[in-house]
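Could you build all of it, start to finish, from the sequences and the hints given here?
Going down the list, the sequences are from chains A and B.
Heads up, the first sequence is in the working numbering, so the first residue is 6 and it goes up one at a time.
Heads up, the second sequence is in the working numbering, so the first residue is 2 and it goes up one at a time.
Some hints could be false.
[As the list claims (entries may be wrong)] Interface residues of chain B toward chain A, partial, derived using beta-carbon atoms under 7 Å: (1) Ala11; (2) Ala79; (3) Gly80.
[Stated by the list, open to error] Over the 10 Å line for every Cβ pair with chain B, so calculated as not near, a few chain A residues: (4) Glu50; (5) Leu57; (6) Asn65; (7) Arg152; (8) Leu156; (9) Leu235.
[Claimed, not checked] The list that follows gives simulated cross-link-like pairs (lysine to aspartate or glutamate, DMTMM-like), each with its CA atoms no further than 20 Å apart: (10) A:Lys70 - A:Asp113; (11) A:Lys425 - A:Glu396; (12) B:Lys41 - A:Glu416; (13) A:Lys285 - A:Glu250; (14) B:Lys41 - A:Asp413.
Just so you know, the hints here were simulated from the structure itself, not pulled from any lab data.
Predicted model only: the values in this text are computed from it and were never measured.
Even for Gly, the Cβ is constructed at its ideal location relative to N, Cα and C.
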Amino acid sequence: MRFFLTHEILSPQLLDSPAAGGFATFEGKVRNHADGQAVEALEYEVFAEMALVQGEAILNEAISKFELEDARATHRVGRVCIGESAVIVQTAAAHRREAFEACEWIMDQIKWRVPIWKKENYAGRPSEWVSGGESSRPAEFEELYDRHIRLPEIGKEGQLKLQNARVLLVGVGGLAAGSLPALVGSGIGTIGLVDPDTVEGSNLHRQTLFAQSDIGRLKVERASALAKRLRHSIQCHPFPEVLTETNAFQIVENFDWVVDGTDSLDTKFLLNRVCRSLRKNLVTASVHRFEGQILTITPDGPCLECMFPDPPPNHCVGTCADLGVLGVVPYFLGSCQAVEVIQGILGSATLTESLALVDLRSLQIDRIQRTRSRLCRLCNQIDEAQPEQWEVSSPDEMPHAALVDIRDLSETPCLALPHKRIPMSGCYDRKWDQPTIFICASGVRSYRLVADLRSSGFSEVYSLRGGMQSLISRHG
Amino acid sequence: MITIRIRYFAVLRDRRGLQEEHYHTQCSTVEQLVNELIAKYRLGLPSALIRVAINSEFVEPNVQLEDGMEIVLIPPVAGG
Ligand SMILES: [Zn+2]
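Shown next, in the form of structure tokens:
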């Protein structure tokens, strides 16, 4: 056992670790004031079974994460008087840095994960239960955000909107170096961070959230520590995992705005689908050497698939790792993402119907208008159910229909069934009065073609759902 | 024969080796031009992944080219 709950007065224990050279002890004591009110005592209430399991898990995680020799924590329950310790965390490590950092990490985790509530007994006023997380006092709030509150576009009301907003950053790297400090500084109240990676030396020229001494540590953990240092009151939720089809909905659900800072096209299109279906706002950006792209996707505006209806394969255009990037470029684009989120929370973002192409070599920014595409599967699935009937899942469903392969002539493998091969662009000038099933690689182009042809009045045209891929997986 | 001003972005700029050019062509539609450029300069992306903008708006592949037009070629960008 490493985590304890007790009604007794706390004092630090002796940690016996001959292999350790750095010992850190943190004591959280009851102070005589909170929010400008005099406090007489605190009372802690705990859900003991869960608290013990969570506490034990936190200490074991800390030991492996920071390579500690030992770690202990004890939390008081019941009434605790001014000057007494409510919690004591102790760590022992080979060196002082791990011991200090583990101590802070353990404290943050206890506040966030262990079900303990405190009741403040004020002098001369009814007592109140407050949650574990510290919140800023009203006077502090007005001082911190004074220059925001002076802006007529923000004011106190706008600043409260920012405080109540929940923003999720997916990918904590170069783009997040621009967006995270800007969002935290602007007073966003709750931030989630998703990234499975640890800090590498080659990240540091652009990922200025991290120091050289962070190499090898989890990015989400170092970034939350930074966010907490910038603003004690921030609620930070680190997710040290890859965003996948399986966890994406569960994670994104808890936030209002999503900031895409990943370097993966797959993740960008996954976020587009998830945000569309949960009706969340998404600000997506990408960088390439000296330039970048940024756009904002709102629940009713044009989406990423309106622009690229055939989601591109992940490695078709390379990443920073392959191609190199000027370190300040993602920082710049990340700052622009923060501006979009802040403006979006306050009213409306700028790039909801356009794409900005930013070239930092020339400082030229081009804006290209985007519109919602009638051919976008995502937007149209939501709008109308009917196009389902334009698709067949197998040629067997319509044995009398002709098959037409609309891929470019260079695309392989060949279709094994009897068919005609007419590349997509050649299909528009013909008449399609007989039942016809169009086939492409994945079912996206054929769907677009069928949508076009049906809007030109041909009603006997169909698209093979999943395209060649589905035929190959079905027939081996 | 018409002359078009073409601007390349991101990976297309790298693969073409320049940022913009005046280009002479017999092509009459955006789609034909994009396919011609893909073949001629080995741009390494299928036409479906190259979006074309004219006058700051995305256009569909069947749009007709006119002499003196400026077109912008935009590929997906992945880096973060
Ligand atoms: Zn769409």
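Which hints, by number, does the structure contradict?
-> none
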